[in-house]
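Start from chain A and add chain B according to the hints.
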Amino acid sequence: MGLEQFKNRNVGTQNYTKLDLPRSPVTGWCKFKQVVSRTLSGELFVGLGVTMRIMVQSLVGGQSHATLYPFEKLPISPRYRAIHEMLRLLESGHYRCIGCGLCEKICPADCITMDTAYDKNQRKEVTEYTINFGRCIFCGYCAEVCPELAIVHGNRIETASEQRASFSLFDDMLTPIDNLNLQQEYQGFGAVTPNADENIKKTPLAY
Amino acid sequence: MSQINIKIDGQEYTTNEGEYILNAARANDIFIPAICYLTRCSPTLACRICLVEADGKQVYACNAKVKDGMEITVNTPNILKERKAIMEVYDVNHPLQCGVCDKSGECELQNYTLEIGVDSQSYSIPDTKRETTNWSSVLHYDAGLCIVCERCTTACKDMIGDAAIKTTKRGGAALDKGLKGAMPKDAYAMWNKLQKSVIAPSNGTEFTDCSDCGECAAVCPVGALVSRDFVYTSNAWDLKRVPATCAHCSSGCQIYYETRPASIENRDEKIFRVTNEWNYVSLCGAGRFGYDFENRVEGKDKIAFAKAIEAFNKAEVIHFNSTITNEEALMLQTLKEKKGVKLINREARAFQRFLNCYSKASGNSLYTTDFKEVMASDFVMSVGSSLRNDNPNARYAFNSVQKMNKGAGLYFHPVGDNLIPSFGKTIETFAHKVGHEEAALLMIIKLFADESKLPSSVKEQLDTDFVELLGGDTEKFDKAMVKMLKKKENFSLMIGEDLYFHEKAENLAKLIAVIEASSDVKVAMIPPKTNSLGVALICDLDNEASGYTIGYNESGDFRLSALGDGDLDIPAMNQQEGTLTNMHKRVTPTNAALEYNGYELNDIMGEILSAPKETIDWTAYLPTDRGFKAVEFDSLPNGYTNDGTENRGYLLDTTSTDVDEVTVDKFDDGKTLDGDIAYRCNPQRQFNDFSDKSHQIFEEFGLYASASKAESLGKRVIVEFDKGNLTLDVIVDERMEGDIVAVPDFKSAENIYELFGESRYKSVVIREV
Chain A
1 MGLEQFKNRN VGTQNYTKLD LPRSPVTGWC KFKQVVSRTL SGELFVGLGV
51 TMRIMVQSLV GGQSHATLYP FEKLPISPRY RAIHEMLRLL ESGHYRCIGC
101 GLCEKICPAD CITMDTAYDK NQRKEVTEYT INFGRCIFCG YCAEVCPELA
151 IVHGNRIETA SEQRASFSLF DDMLTPIDNL NLQQEYQGFG AVTPNADENI
201 KKTPLAY
Chain B
1001 MSQINIKIDG QEYTTNEGEY ILNAARANDI FIPAICYLTR CSPTLACRIC
1051 LVEADGKQVY ACNAKVKDGM EITVNTPNIL KERKAIMEVY DVNHPLQCGV
1101 CDKSGECELQ NYTLEIGVDS QSYSIPDTKR ETTNWSSVLH YDAGLCIVCE
1151 RCTTACKDMI GDAAIKTTKR GGAALDKGLK GAMPKDAYAM WNKLQKSVIA
1201 PSNGTEFTDC SDCGECAAVC PVGALVSRDF VYTSNAWDLK RVPATCAHCS
1251 SGCQIYYETR PASIENRDEK IFRVTNEWNY VSLCGAGRFG YDFENRVEGK
1301 DKIAFAKAIE AFNKAEVIHF NSTITNEEAL MLQTLKEKKG VKLINREARA
1351 FQRFLNCYSK ASGNSLYTTD FKEVMASDFV MSVGSSLRND NPNARYAFNS
1401 VQKMNKGAGL YFHPVGDNLI PSFGKTIETF AHKVGHEEAA LLMIIKLFAD
1451 ESKLPSSVKE QLDTDFVELL GGDTEKFDKA MVKMLKKKEN FSLMIGEDLY
1501 FHEKAENLAK LIAVIEASSD VKVAMIPPKT NSLGVALICD LDNEASGYTI
1551 GYNESGDFRL SALGDGDLDI PAMNQQEGTL TNMHKRVTPT NAALEYNGYE
1601 LNDIMGEILS APKETIDWTA YLPTDRGFKA VEFDSLPNGY TNDGTENRGY
1651 LLDTTSTDVD EVTVDKFDDG KTLDGDIAYR CNPQRQFNDF SDKSHQIFEE
1701 FGLYASASKA ESLGKRVIVE FDKGNLTLDV IVDERMEGDI VAVPDFKSAE
1751 NIYELFGESR YKSVVIREV
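First to last, the protein sequences are chains A and B.
1 is the number of the first residue of the first sequence in our numbering; add one for each residue after it.
1001 is the number of the first residue of the second sequence in our numbering; add one for each residue after it.
Hints are computed from structural coordinates only; laboratory data are not their basis.
Positions of the beta carbon are idealized from the N, C-alpha and C atoms, including for glycine.
Don't take every hint at face value.
[Stated by the list, open to error] So the derived list for chain B, only partly shown, Cβ under 10 angstroms to chain A, looks like this:
no., residue
1, Val1100
2, Gly1105
3, Glu1108
4, Ser1122
5, Tyr1123
6, Arg1241
The shape of chain A in the complex, shown without the other chains (with noise of 0.2 angstroms):
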């Protein structure tokens, strides 16, 4: 539709399509009738069966379409943003953040913060990092803005806590140092397109 059609608010004069639809009952006689035929079609009793079909076969014949959870979990998209995972390199172990703070930045629920210091080696070191997750609208910004996919979205849709605090620090999210094995790379919002390579050109500095 164009913008010009869009903008035409003399409704009515549009040309619209118009069904070809019996007409609705108008006297109470009429309308009576049309009462008494839908209920007694059987259409009710056909939808019927086929609930009862179903539960025999699951009860009986163990054919069920319901996932048992907690015992079954359905796999999660890569692109599903549940909580944060902070990852590291996986040479060194050491974690990827660099304290930027364009996640900070970026925010919209402005939930990030983090406390970065001059550390012995020179370097800036995050002393701190932490996401209110009260406020955390899982938008996913955070991870498409971190410039080193340090800060990805996990997939640990499981956030029953008696305290929301219980993962919002640096510790909570990184990921645990003996499983640095496990750790996954991110395929989500921000993550390497396939074809990065054929995007990036090579600067003459690499002598």
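Frame of chain A; chain B shown alone:
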């Protein structure tokens, strides 16, 4: 200065004659890219990006002056090519670590790379390892990020006068000669220089020997120079900028307190740094690094407040200092008028007395010139002020005259100083005897006055050979003076605190009036402390008083203190709104950077007399007969316009009336101090308890002496005054010369003013402990 017309990109503009093209464009809101140029400094020509076409020729906008009818084109295809190449070269080997860099978000390299549209790199060269170093207790230099624009060295030399840093050899690979023809000319020349240099302390060591003002870090366009305390603690965009006025000395510089929540744990606002409009104002180390002196309180302490009310009701004396806003000074004056308390403020009282004597003798309600005009003069003199320590802006002005206006200077001060002569080649210093201040003024009269305009009482005193009396060599001086006076048109004189705290203060004030009346020399005075001028104008101060005393940041029977150690807490200057009167005779607004939820003086006023709701409601009631204006606080601006015009608060009105001829006393050259002399003078970067409280100001309370004197004194000494003793550590000040020692007054608890009385110099006995 006459006005001329120029055309920029076909548009007609009016500008001052003799202005650089870049400044003329900036004043008219035209954007010409420039990295290395600083408004109040000489052009460096390091970046070459300000290339423009003027009357068909390519010139650098930062060092080409406008001519009448000049036609300027900012962008031509060739210039755009040059600029793009220059920016590409700047990006060669500049680490792509914007993510961790402190400058990211306010970086000129980032901005210009985007503005000029560098989207690919055509050049390369092997990088050199450049180490990160700490130059001093506050300066952090990351050579890897440095683009050698030389803004830091220029500011340090032309504005500050320390010249503590310079460009030095980098030892980088040489450029490929083939590039010379292949790449744009200016870009090649810039790169050639850049590839050879890096910045380092100019004394040849690893550490700078300077006043730690941090101005180099302020002007740095990239993240190479950052204060050690700020490195990697916050991003520029996280900080909230609060425009304020620095409250450490009478310069009253415009600053921004930059705040954000302290940390994840502590969500209270904290000041992370202080920044300034470095194109128009230079800060000192105290202003830039002495910012965390706030007084944090839990809440309103009702019991202490009730006691304070009781104390105010029976108070006979209020003892305060000049670290106070005009509004609060007005409250104290109101207390005096309504309740008859006496007001004691030693430094402001001395200044007030001096100003009154001067007004009586000259007919001017205030000194006639300000330090902006001093900066524009080409012959500057200083009497009675230890320029390096008393007031940074006065010192910067003295230096700037030498560097920017090809000026000359005369410096009269009993305490020898080896920094002042290094400002320029045409400076004569006189380390005269204490007590010869009148001779210094008489010498200025002899040099510059029109004899026909002199009163007879002065004329008859001019036969003395003042140069010799002040410790100079007449023949040599006369010769030097001929050279110094060449092509000089504007003369200025700065007067310092020594003259206010002087036995003959009245006579000195008269002599100054004579200088102004009989010569072209313009006189500016340095108020002794932060708001001494405001207090001197607003309050009717008393000389001596006794009885139940309330101390406002000073000693007393009941103490209001912003340092957190008094009987009732009051807000510190970075937690207050109000106005300050600075030495430029300007009433400037300051805002609260940090929250304060306790009681303030206005609450006490409201309880015992009547007061409006807020402290700033007093602003409109400042005394108009003393030059203040009846304007609301909220209508006061606090900033600079693009052409450098100071648009802050308002200027005090000054009036002038005719007066009779003055009669000055006969100068007595025998009245000098001998033996060991102590001078009441703070170290650089230290002004009051508040600068002392700040964690980045390290200058200690001790006895400052020249290296040779310190050696003869030993490590720790007792200084015996006639009214008491002080035990102090001896600290060497390499910049000091001679035998006079300096005793700081920044700790109010030490009651230094009591020991010195009505003079800044005292004969003392110094014994080693």
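Against the structure, the hints come out as follows:
Checking B/Val1100 against chain A: minimum C-beta separation of about 4 angstroms stays under 10 angstroms; hint holds. Interface hint at B/Gly1105: satisfied, since its Cβ lies 9 angstroms from the closest Cβ of chain A, which is below the 10 angstroms cut-off. Evaluation of the B/Glu1108 hint against chain A yields a violated restraint, the C-beta minimum of about 19 angstroms exceeding 10 angstroms. Look at B/Ser1122: its Cβ gets to within about 7 angstroms of chain A, closer than 10 angstroms, so that hint holds up.
For the restraint placing B/Tyr1123 at the interface with chain A, the shortest Cβ-Cβ distance is roughly 7 angstroms, inside the 10 angstroms limit, so the hint holds. At its closest, the beta carbon of B/Arg1241 sits 16 angstroms from a beta carbon of chain A; the interface hint therefore is violated under the 10 angstroms criterion.
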